[in-house]
Structures are given as C-alpha cells and as structure tokens.
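In order, the protein sequence lines correspond to chains A and B.
Here the first sequence stands for residues 1 to 95, numbered as in the working numbering.
Here the second sequence stands for residues 1 to 243, numbered as in the working numbering.
The reader is advised that the hints may include incorrect statements.
[Stated by the list, open to error] Non-contacting residues of chain B with respect to chain A, defined by C-beta distances greater than 10 Å in every case (computed):
1) V32
2) G76
3) L99
4) K148
5) I154
[Stated by the list, open to error] Pairs of lysine-lysine residues, derived as DSBU-like cross-links and limited to a Cα-Cα distance of at most 30 Å, are as follows:
6) K102/B to K193/B
7) K82/A to K193/B
8) K102/B to K82/A
Hint data in this document are derived by calculation from the structure and do not stem from the laboratory.
Every residue gets a Cβ at the ideal spot worked out from N, C-alpha and C, and that includes glycine.
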Amino acid sequence: MSSEALVAGLTLLSFGIIIAAVAFGSAIGDGIVASKAVEAIARQPEARPNILTFMFLGIGVLEAFPIIGLGLAFYLLLVVVKVPDMIAHLSVVAK
Amino acid sequence: MHEQIGEHITWLWPIVGTVHADTIMTTWLVMVLTLVFFAFVGKSYNSAYQTRRQTVIEGIVNYIADLSAGTLGQRGEPFVPFFISLFVFIFVMNQFGMLPFKALGLPFGGSPTADVNTVVPLALIVFSLCWIVGFRLNGIRQFAHLAKPSPALILINVIEEIARPVTLAARLFFNIFVGELLFIVVASIVQAKVAIGFFNLSLAVTFVPFLIQFFNLFVGTVQAFVFTLLAIVYLSLAIGEDH
Chain A
1 MSSEALVAGL TLLSFGIIIA AVAFGSAIGD GIVASKAVEA IARQPEARPN ILTFMFLGIG
61 VLEAFPIIGL GLAFYLLLVV VKVPDMIAHL SVVAK
Chain B
1 MHEQIGEHIT WLWPIVGTVH ADTIMTTWLV MVLTLVFFAF VGKSYNSAYQ TRRQTVIEGI
61 VNYIADLSAG TLGQRGEPFV PFFISLFVFI FVMNQFGMLP FKALGLPFGG SPTADVNTVV
121 PLALIVFSLC WIVGFRLNGI RQFAHLAKPS PALILINVIE EIARPVTLAA RLFFNIFVGE
181 LLFIVVASIV QAKVAIGFFN LSLAVTFVPF LIQFFNLFVG TVQAFVFTLL AIVYLSLAIG
241 EDH
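Chain B with its partners taken away, still in its complex shape:
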C-alpha cells in the first residue's frame, strides 16, 4: 500500500510547532471557495423573482432555520447564520475528499475532517458557544443542572458534560476517516491482483470502490447534518429549562 492514510505533510511553524500542511491548505481552499460562492449568491439575491439557484440555497437556509426555530424557539434566531455556516462548511469539507487532488500529485487534498485537528476545534467552537450563551442568559445557575437529580451524581454529570464534545468530534472524525480508509483498503486489494484458485478476487471487487464512494457521499451529508442538529440540541439544552 503506497498511499498512506493518516500521514500528513507537515510544516514547522514558529510558536505552534508542527502543523499538518495539507489539512490547512485544503481548509483554506474550502473557505475561499465557499466564501466566494456565498458572496456571489448573496450579491445576486433578488426577492422580486426567483431563479433556480436562489431556490436551492433558500431551501437549505429555510430547512436549517426551521429546525433551529423548532428546537430553540424565538431565542434561536441570532444563531441561525452560525448553524448554516457550520453545516455548509462541514458538508463541503466532507465532500472534498472525493476530488482526486492527492492522486494528481498536488500537495493538498483529502477531507480536512479526516484529521482530528480540524474536528476537535469545531466541537470546541460549538461547546464554547453553548457555555458562553448559557452563562450570559442564566448566570451561574447555568451549572446548577450538574447537581440536578441529586448532588451525589455530580461526578457522572461532569463526565457526561465532557463526553459530549468528545463524542461530537469523534463521530464526525471517524466517519470520514474510516470512509477514506475503506476506500484505500479496497483499492489496495484491487491493486494487489489477488487470485484464489480460478476466482480472481481483484477483478471481482473492482466495482466496490464506486459503491464506497457513493456511501461516502451519503455519510458526509448525513454527518454534516447530524453535527449541525446536535449543535442545535446542545445549545437548546444550554439555553434553559423554561422552554
């Protein structure tokens, strides 16, 4: 297996030390592409009549805004742009692994979300938002729910509070990473020209990478959606009980 998964080109930066160059370059590329695209869409916005492009974008925006309104109510309105950008950013990053930049010999490529260093900050952004918003709305009573059923359970509640961002990050990371890993494993079986007796295993599994890539397309969409929806749910838990 020549192509190594989970290995990155590194840069040595001052102060921060070693960084993953390909992840950073791909994330910047995704940011530039999505920012330019949405600046274009926002600039060409015209409420007088609807174009096809506008209908598609409004569908996504409305969908997430409805979800947020259904879970958070009126108080969730300021956070709708955050959730939309979270969804679009993660979605584009997940699908970016499908483009064969690395196979063409370019230094960037692959999904940035198949790197822990991308996923953990995203989960931390969501949770710092939850904690700060909850603290500003409820003050120190925000942390009263840790001793909610009885103060004896405070340890379990603290563990649960820590486990939430960890599982949020791990869910996204492992789904995308294992998708790429499965693809490489099956491709290496095809490359290795395995034959068992008269049965040519490599020829038989030639079509499997296509299926795995379709599966990855589905998984990337679902995981971007799950990440956004769980962010909405956690924010609704942080905002308060008088819902």
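Pulled out of the complex, with its shape left as it was, chain A reads as follows:
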C-alpha cells in the first residue's frame, strides 16, 4: 500500500470517527431536550407555545457544536488532505 493510500484511508477513518462522535452526542442531547419538553407540555398544556419556543432555542444552541464539528471534519477532508483529488489520482495510478 502506498503512503498516499494510507493517508487517504486514515483521513476517511478519522472523518467517520468525528461524524460518529458528533452525531452520538448531539442525538443524546436533542433527545433529552425533546423529552423534557414533552414532559413539561404534558404537565402544563397551556404553556405549550412558550415551551416549544425554548425547546427550539435549546436545540438551536445545542446543534451548533455538532455543526462546528462537521464543518471542521469537512475542512480536514476537503482542504487539509484533499481526499477526493487523492482518490482520483490513486484510481488513475491503479489503472
């Protein structure tokens, strides 16, 4: 295996690990926020619009971190290592 293939493979692997970790954490956080909102609405149905507003606010604040992680992962994949160019080059070499 050439060193270029190793770099491309390891970058893709790290990309996958970043996405998985980010999705894991944000899914748990969103689940907690939504379940608490449902509980609060069940307890006080008349406060529903207010609770929904703050639920979306909480999700908006919380979603920022996975999105930042995703942006940095794409930066790693497309700008720092340039994996698509690398793979195209590798497939040309293989032929």
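Given the structure of chain A, go ahead and fit chain B onto it with the hints provided.
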C-alpha cells in the same frame, strides 16, 4: 467539484486591502431590499384597521418585543428596534443563499452569513452594545462580576467573557456554512454518476438536495432567532443584577 465553496471574488480596496466582493454586494442587496420593504410597510401603517401584511409584521415585532420585555423588563424598551432589525437582517441574509444567483452567473449570491467577515462584526456589535450599556448604567462596577465568586477565578471569567462573542459568531457561521457545504457535497455526488454494482447511488440521492434545502430553511430561521435571543440574554446579563 467545479463550484468552490468558501472561495470568494475579491476586490482590492485602498487602506483596507482585499475584500470579499460577493459578500459585500449581497449584503448591500439585502440591506436595500429590507430597507425598502420596511419603509413601505412603515409608510402604509394604519392603526384604524388591520391589513393582512400588517398583521404578519406586527406578529414578528410583538414576538421579539415580548421576549425582550420578558427578559430585560422595562429597561429593555429602547433596544427593541435593534433586536428586531438584527433578527430580520440575519434572517434575510440566511435565506438569501437559497436563491440561485451564483448558478445564474451573477457575481453576487450565496448567504453573506456563510462568511466570517459578516458574522464576527455582528457579534462585535452585540458585545460592544452590551459593554457600553453596562458601563453607562453601572460604571466600573460593570466589571466587578469578573471576580465574583472569588478573585482567584478572574482568569476563567475573562476567558468566558471572550468566548461568548466567539461562540456567538461561530454558531451562526458554521450552521449556514455547513448547510451550503452539505448541499454542494450531495450535489457533487449526484453529478458524479456513482454506480455501485447495480445500485445507482446518484439516482438514489437525487431528492436529498431538496431535503437539505428544507433543513437549511429551518436552520436559518432558528439560528437568526437564537442569535437575537442570545443577544437579549447577554444584554440582560450586562445590564445588572438588581433585576
């Protein structure tokens, strides 16, 4: 991938140096559109009877005014126009990326908020407002909260104070930027005509850009709202403790 994301047409201006031409043009376009629209709405304002347009605009204005009144109380009243304009400006800039100006070959287009140079000044505007208003109301005691639980924590508090505008800007920037990036990535998969065996991946993901654009619509609205609400919250923290 022919269409490059994160690359801008640049102008060379005297004194300031290189500037992003497309971001500036799009921001000016947004400013002109929103100013003309709101001048029209304000001019046609009639309290005697309500038109449909007036009801919609009053809904937005009332919503943000209620939020501000609920968090800031009576002292927040002079800042309500600022928050409304902040919300409308960011909202229109976020949704502007959906219009295909760049695809039509025009030099402007794309969301101006997908550029750090738009987002950081917005966060700095909010924080200079907070610091100036807090300083005028509380004087030098404004900065007493930095040593609040104990003076040993002053470093952590200073870091927190700096991290707030940074995260405020980064949150808005990355949400809009990654939305555009995901759109381009999926579109490039569709363009590349990928086929794995008998499974045509490109045909299967043809509908995904539509979903991503709906997601962007939602995210742009929520992030404009979050930015405004966090500005209100930070201003309420700056204004004082005797709330």
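Hints, one by one, checked against the model:
At roughly 28 Å, the least C-beta separation between V32/B and chain A is larger than 10 Å, which holds for a residue marked as non-interface. Look at G76/B: its CB is around 17 Å from the nearest CB on chain A, clear of 10 Å, so calling it non-interface holds up. Every CB of chain A lies more than 10 Å from the CB of L99/B, the least distance being 22 Å, so the non-interface label holds. For K148/B, the shortest C-beta to C-beta distance to chain A comes to about 23 Å, beyond the 10 Å cut-off, and the non-interface label holds.
Chain A leaves I154/B outside its interface by the beta-carbon criterion, the shortest separation being 26 Å against a cut-off of 10 Å. Distance hint between K102/B and K193/B is fulfilled; the C-alpha atoms sit about 23 Å from each other, no more than 30 Å. With a C-alpha separation of about 20 Å, the suggested pair K82/A and K193/B falls inside the 30 Å cut-off, and the hint holds. Proposed proximity of K102/B and K82/A is supported: the alpha carbons are some 24 Å apart, at most 30 Å.
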